[in-house]
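The residues making up each chain are set out below.
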Amino acid sequence: MLRGMPAPVVDFDTQPFWDGVASEKLLVPHCKACGTGRWPPGPVCDKCWSTETEWKNTVGPGRLYSWVVTTHATHPALTSQVPYVVVLVEFDDKVRILGNLVNWDGETLVDGQELHVVFEEREDGTKIYNFRT
Amino acid sequence: MTLRNRAAIAGVGQTLYSKNSGKTELRLACEAILAALSDAGLTPDDVDGLVRFDMDNIDDTALTSHLGFRNLGWMSQTGYGGTGGNAVIAHAAAAIAGGLAKVVVCFRALNERSGVRYGQAKQATSAGGVLAFQNPWGMLTPAHKFAHFARRHMVEFGTTSRQFGEVAVALRRHASRNPLAMMQKPISLEDHQASRMIADPLRLFDCCIESDGACAIVVTSAEHAKDLKQPRVLIAGAAQGSGSRAQGIVFRDDLARPESTHTAADVYRMAGLGPQDVDAVMIYDHFTPFVIMSLEAYGFCPVGEGGRFVEGGRIHFDGELPVNTHGGNHSEAYIHGLPHVVEATRQLRGTSTSQVNNAEVVLSCSSVAQLSAAVLLTKG
Ligand SMILES: [Zn+2]
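Quick note, the sequences are listed as chains A and B, same order. Heads up, the first sequence is in my numbering, so the first residue is 11 and it goes up one at a time. Heads up, the second sequence is in my numbering, so the first residue is 6 and it goes up one at a time.
Treat the hints as calculated values from the structure; they're not laboratory data. Bear in mind the structure is a predicted one, so any value in this text is a computation, not a measurement. Please note that the accuracy of each hint is not assured.
Claimed, not checked - To list a few chain A residues with every Cβ distance to chain B over 10 angstroms, as calculated:
id, residue
1, V19
2, A32
3, S33
4, D56
5, T61
6, E64
7, R106
8, F129
9, G135
What the hints assert, rightly or not - To give an idea of the interface, some chain B residues facing chain A are shown, with a C-beta separation under 10 angstroms as derived from the structure:
id, residue
10, W79
11, A137
12, A152
13, P206
14, G318
15, H321
For glycine and all other residues, C-beta sits at the position ideal for the given N, C-alpha and C.
Bound-form chain A, shown alone (with noise of 0.2 angstroms):
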């Protein structure tokens, strides 16, 4: 878990989520009417326009999709923290959620490997997810 960087804000379209996330769920948003994925959470289904939203618990694993190994630190609290993995990961609704990858060590990772979702404790004793191998 990155130290020092800023807090997601939860907001009306975003509270379900957020609400799972304290919970150790990843649930994301699809819509009722056609089951089409969202990412990020948001008001309309980008399909067929409704508005309704079900909430679909995501256990994963998901698959890697792209990663970028930040070694450049850009933010003061970071600087200690670097090298740091960034994945983006695609679970089986196409939806790709981006996070850490907690326990990288420097090995060479492959697209399409399975990525598992984990839970870990931010500073200010919020949840927030993340993957691993």
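Based on the hints, put chain B with the ligand in the right spot on chain A.
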């Protein structure tokens, strides 16, 4: 109705580009606009239209007050980010073709190096909207986001860091021939490969520079431009596009193909031209992989072959398809892509410092990943 050849670029101007201008952005904008008007043989009294970038910090009432714009009748602004460099021209051409304005000034001014640097994170304690799903994990700057496009292009097509380096070497070579450019020292492929990682797979020499400066462009009707001081440059086509799931840059469906497919089709169709007609290309080069991806999107090579396409000097000013003959965002200056249109104009006037022989058609395009804009310019 079409915009084809209804409007023309009549004047271009810019300030010095530097790491610390020592001036206000307002002052820089005024200098660039007066230079562009003077280039066209016009004065602020002739101006009746103004287009700004949505990210520009300048209060437009301050700008129009100080420049004494007495006849301003039409104003517009464009998003998003670096697509603005071409989008402002599209807006201006549309206003002229639609009879809303006769002389339109487009500008961009920023103290981006000495002021708020895009390459450094804002020290915010909270992140709302889409940033709530990015910032907490250290995805803070443009490099962090755009590196994912580089990664997917490498994964899907086998594109290499050395091929990104081919782009960097060409752009720096062009800058080394351009007295306005901030980065004058030529680099080799080995220098690129030895440059430090910023956000793997992006190295330092894959990233554009940060600059202070301004530039401005005057657009008028094709007819009016005939009577002005400079050889006119016709706006043969102009287009803007927004892909699906544009929010947050990295959440779009396909990261190996940045948005531009429909912008490319639109701009070519409007102009009645195709990639085979283009003599030089100015590409929004915030990061080198986007030169490769844009060459694919605008039909200069098949999708996936851009990495091989840029090898062997093909995109140098003396190569088969010259790209960014001014040095681009990478090595001339980062004024959000507007200098690319200035350079396209220079090429068509025959005044580039890396002049392409017999340049008659120049494409300027920007794909900032999820949004895009392009203009096709021809010799009047
Ligand atoms: Zn739906």
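Hint check results:
no.: 1; hint: V19; result: violated (4 angstroms)
no.: 2; hint: A32; result: holds (14 angstroms)
no.: 3; hint: S33; result: holds (18 angstroms)
no.: 4; hint: D56; result: violated (7 angstroms)
no.: 5; hint: T61; result: holds (17 angstroms)
no.: 6; hint: E64; result: holds (19 angstroms)
no.: 7; hint: R106; result: violated (7 angstroms)
no.: 8; hint: F129; result: holds (13 angstroms)
no.: 9; hint: G135; result: holds (14 angstroms)
no.: 10; hint: W79; result: violated (33 angstroms)
no.: 11; hint: A137; result: holds (4 angstroms)
no.: 12; hint: A152; result: holds (4 angstroms)
no.: 13; hint: P206; result: holds (8 angstroms)
no.: 14; hint: G318; result: violated (30 angstroms)
no.: 15; hint: H321; result: violated (29 angstroms)
The earlier numbered hints that this structure contradicts are 1, 4, 7, 10, 14 and 15.
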